[in-house]
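Colleague: One-letter residues, chain by chain:
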Amino acid sequence: MTMIFGVPLAVFMGQLMLGLINGAFYALLSLGLAVIFGLLKIVNFAHGAMYMLGAFAALLGLQTLGLNYWLALLLVPLLVGGLGMLIERYMLRRIAHLDHLYGLLLTFGLALIAEGTLINFFGVSGSSYPTPTALQGGYNLGFMFLPIYRAWVLLAALVVCLGTWFIIERTRLGAYLRAGTENSALMQAFGVNVPQLVTLTYGFGVALAAFAGVLAAPLYPVSPTMGSSLLIVVFAVVVIGGMGSILGAVLTGLGMGLVEGLTKVYYPEAANTVIFLVMVLVLLVRPAGLFGKEA
Amino acid sequence: MSHTTALTPAMKLQRRAKLRRNALYLVLIAIGLVAPFVAYPVFLMKVLCFALFACAFNLLLGYAGLLSFGHAAFLATGGYVTGFLLSSYPGLTPELGILAGTLAAVVLGALFGALAIRRQGIYFAMVTLALAQLVFFLFVQSPFTGGEDGLHGVPRGALFGLISLRSNLAMYYFVFAVFLIGFAIVQRAVHSPYGQVLKAIRENEPRAVSLGYNVDAYKLLAFVLSAGLAGLAGATKTLVFQLASLTDAHWHMSGEVILMTLLGGVGTLFGPVVGAGVVVSLQTQLAQSPLGNWVSVILGTIFVLCVLSFRSGIVGEIQKVVKKNFK
Chain A
1 MTMIFGVPLA
11 VFMGQLMLGL
21 INGAFYALLS
31 LGLAVIFGLL
41 KIVNFAHGAM
51 YMLGAFAALL
61 GLQTLGLNYW
71 LALLLVPLLV
81 GGLGMLIERY
91 MLRRIAHLDH
101 LYGLLLTFGL
111 ALIAEGTLIN
121 FFGVSGSSYP
131 TPTALQGGYN
141 LGFMFLPIYR
151 AWVLLAALVV
161 CLGTWFIIER
171 TRLGAYLRAG
181 TENSALMQAF
191 GVNVPQLVTL
201 TYGFGVALAA
211 FAGVLAAPLY
221 PVSPTMGSSL
231 LIVVFAVVVI
241 GGMGSILGAV
251 LTGLGMGLVE
261 GLTKVYYPEA
271 ANTVIFLVMV
281 LVLLVRPAGL
291 FGKEA
Chain B
1 MSHTTALTPA
11 MKLQRRAKLR
21 RNALYLVLIA
31 IGLVAPFVAY
41 PVFLMKVLCF
51 ALFACAFNLL
61 LGYAGLLSFG
71 HAAFLATGGY
81 VTGFLLSSYP
91 GLTPELGILA
101 GTLAAVVLGA
111 LFGALAIRRQ
121 GIYFAMVTLA
131 LAQLVFFLFV
141 QSPFTGGEDG
151 LHGVPRGALF
161 GLISLRSNLA
171 MYYFVFAVFL
181 IGFAIVQRAV
191 HSPYGQVLKA
201 IRENEPRAVS
211 LGYNVDAYKL
221 LAFVLSAGLA
231 GLAGATKTLV
241 FQLASLTDAH
251 WHMSGEVILM
261 TLLGGVGTLF
271 GPVVGAGVVV
281 SLQTQLAQSP
291 LGNWVSVILG
301 TIFVLCVLSF
311 RSGIVGEIQK
321 VVKKNFK
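Order-wise, the sequence lines are chains A and B.
The first sequence runs 1 to 295 under UniProt numbering.
The second sequence runs 1 to 327 under UniProt numbering.
Derived by calculation from the structure, the hints in this document are not laboratory data.
A quick note: this is a predicted structure, and the numbers were derived from the prediction, not measured.
Glycine included, each C-beta is placed from N, C-alpha and C at the ideal position.
Careful: at least some of the hints might be erroneous.
Computed beta-carbon distance windows for the label pairs [stated by the list, open to error]:
| no. | chain 1 | residue 1 | chain 2 | residue 2 | range |
| --- | --- | --- | --- | --- | --- |
| 1 | B | Glu203 | A | Asn193 | 42 to 48 Å |
| 2 | B | Gln242 | A | Asn68 | 53 to 59 Å |
| 3 | A | Ala270 | B | Leu99 | 57 to 63 Å |
| 4 | B | Leu138 | A | Ala189 | 48 to 54 Å |
Computed cross-link-like contacts, EDC-like style, restricted to lysine to aspartate or glutamate with a CA-CA straight-line distance of at most 20 Å [claimed, not checked]:
| no. | chain 1 | residue 1 | chain 2 | residue 2 |
| --- | --- | --- | --- | --- |
| 5 | A | Lys41 | A | Asp99 |
| 6 | A | Lys41 | B | Asp216 |
| 7 | A | Lys41 | B | Glu205 |
| 8 | B | Lys199 | B | Asp216 |
| 9 | B | Lys199 | A | Asp99 |
| 10 | A | Lys41 | A | Glu182 |
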């Protein structure tokens, strides 16, 4: 059997694949955080809760309405995105003129409410969401076994990330968004409806998190705490990459997933902590983050 | 002819304010001294420990404008180190155990601080949260913390080897003394020239830099001081409950201390004390009621309401009313 530094190739590739999948979720979530941060200047602490709500909405949709996976993938982000727009319109906008730390605190409170409520109804142990029939099974690539669902998650995440990059960097709406990030007062003076743009942006960022949640439902146990533990890692990823660039956020997310996967192969005790350690290293060497423009 | 030099009206006013403040302190200390005969001492000790924790946190947020989302790490470090030392070395007296726990938190604070002040604002919060999560995982995995079980049956021992702390009343007065020392340190720091510079940094960092202040050194000192006091609170808490557990290291704890400070009043001396009192009472009351499972939802709701429409907090609002009516 082929060995890589004393580890069988199949195990090695399997762990790398798992790492890449985790990385895809880091990328999707940090992308949403970066989009929201760009225009609203707040860190959305409710991002993990929105991801969790996405997974739960898919699960409940299936159990009560028989909503299938593909419809959930389409409808749940719209639903949660709508919820996000309401939150922006009626809460975040009221404190937009204050120190941006208040935005962080408000969304933290919302995350506590969402998590606590669902724990009361569903407990902390997770439920499983069945893998959709079309995506069951896997391919034997010779050097590793590739489950179809994992390949699909990777593909879907990459397509959505690239799509977001395209919208922001190559379309008129994206140009407005970037201009708003630079100077929203001037934008408003030019006649662009900035408050509406802000609402849409928050809704879009949150919808990305919900999309990630639906994607994650068949992979991980769906539980009320699935979002918060993930979010803290994503924060570290964001500190490592910096929130200045879209592609930077995606690359950092995938890269950190790989680093985590490799650590699991060679030194499993540190798998939980390696991303935080990378963050420490980056802060020491390049405080602004790998893709950051300023500290 | 009088022997005292003539006082300007402004000085008179200042002197009267100082007198009034000292009188307030005396009244509060007197209340603290008789409190254990009126209320359950263990509950009061819990409030005092969290009040000290919140005061430490407030020193950073209220006076230096730095939002740390990782203060649970210091509370837990103080608690674990003290708990481990007192359990493993029976000859060690409690005040030395607490001192060791506090020093450990100071060292950790220096490490955290040196890293975190490299980034500002929102990033500062994320860095501290991530570092605290790193510490949480270290506590889960390292053998001396007892992992998921935590440390149980930490002996309270005898203060200076002389005064037994086994009775809750004796323990209470010790905790009260620790709290007063911690509060006095915060009070001194805030009202010193150092505290003035901190406020200047909070209001406008570039200006403080251009005035020639070594801003990073000021921030780091504030961070270390705050971490040390949080460690002191954690160490004392371990002695009170004879227990150190992962709950103290969890990010929920970092959130709770923010809530206590916000609810009581950010940047006021007494705000965190009042906030800690309200939150701990609320948790104790709710735990016994049918709403026990809804604690985190209720805390989250208070969070949202505070941010939306009660940003000065309880003490902040009271100060506003007093200023309006008594000036």
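Colleague: Next step is simple, just say for each hint if it's right about the structure.
Modeller: Status of each hint after checking the structure:
For the pair glutamate 203 of chain B and asparagine 193 of chain A, the supplied restraint of 42 to 48 Å is violated, since their beta-carbon distance comes to about 34 Å. Separation of glutamine 242 of chain B from asparagine 68 of chain A is about 54 Å and conforms to the stated range, judged on CB atoms against 53 to 59 Å. The supplied range of 57 to 63 Å is broken by alanine 270 of chain A and leucine 99 of chain B, whose beta-carbon atoms lie about 32 Å from each other. For the pair leucine 138 of chain B and alanine 189 of chain A, the beta carbons lie near 51 Å from each other, so the given range of 48 to 54 Å is met.
Using a Cα cut-off of 20 Å, the hinted pair lysine 41 of chain A and aspartate 99 of chain A holds, with the two alpha carbons roughly 10 Å apart. At roughly 24 Å between alpha-carbon atoms, lysine 41 of chain A and aspartate 216 of chain B are farther apart than 20 Å, so this suggested pair is violated. Between lysine 41 of chain A and glutamate 205 of chain B the CA atoms are separated by roughly 19 Å; this keeps the pair inside 20 Å, and the hint holds. With a C-alpha separation of about 14 Å, the suggested pair lysine 199 of chain B and aspartate 216 of chain B falls inside the 20 Å cut-off, and the hint holds.
For the suggested pair lysine 199 of chain B and aspartate 99 of chain A, the alpha carbons sit about 16 Å apart, so the restraint of at most 20 Å is met. A distance of roughly 11 Å separates the Cα atoms of lysine 41 of chain A and glutamate 182 of chain A; the hinted pair therefore holds under the 20 Å criterion.
Figure legend: structure checked against the earlier numbered hints; hints not met, in rising order: 1, 3, 6.
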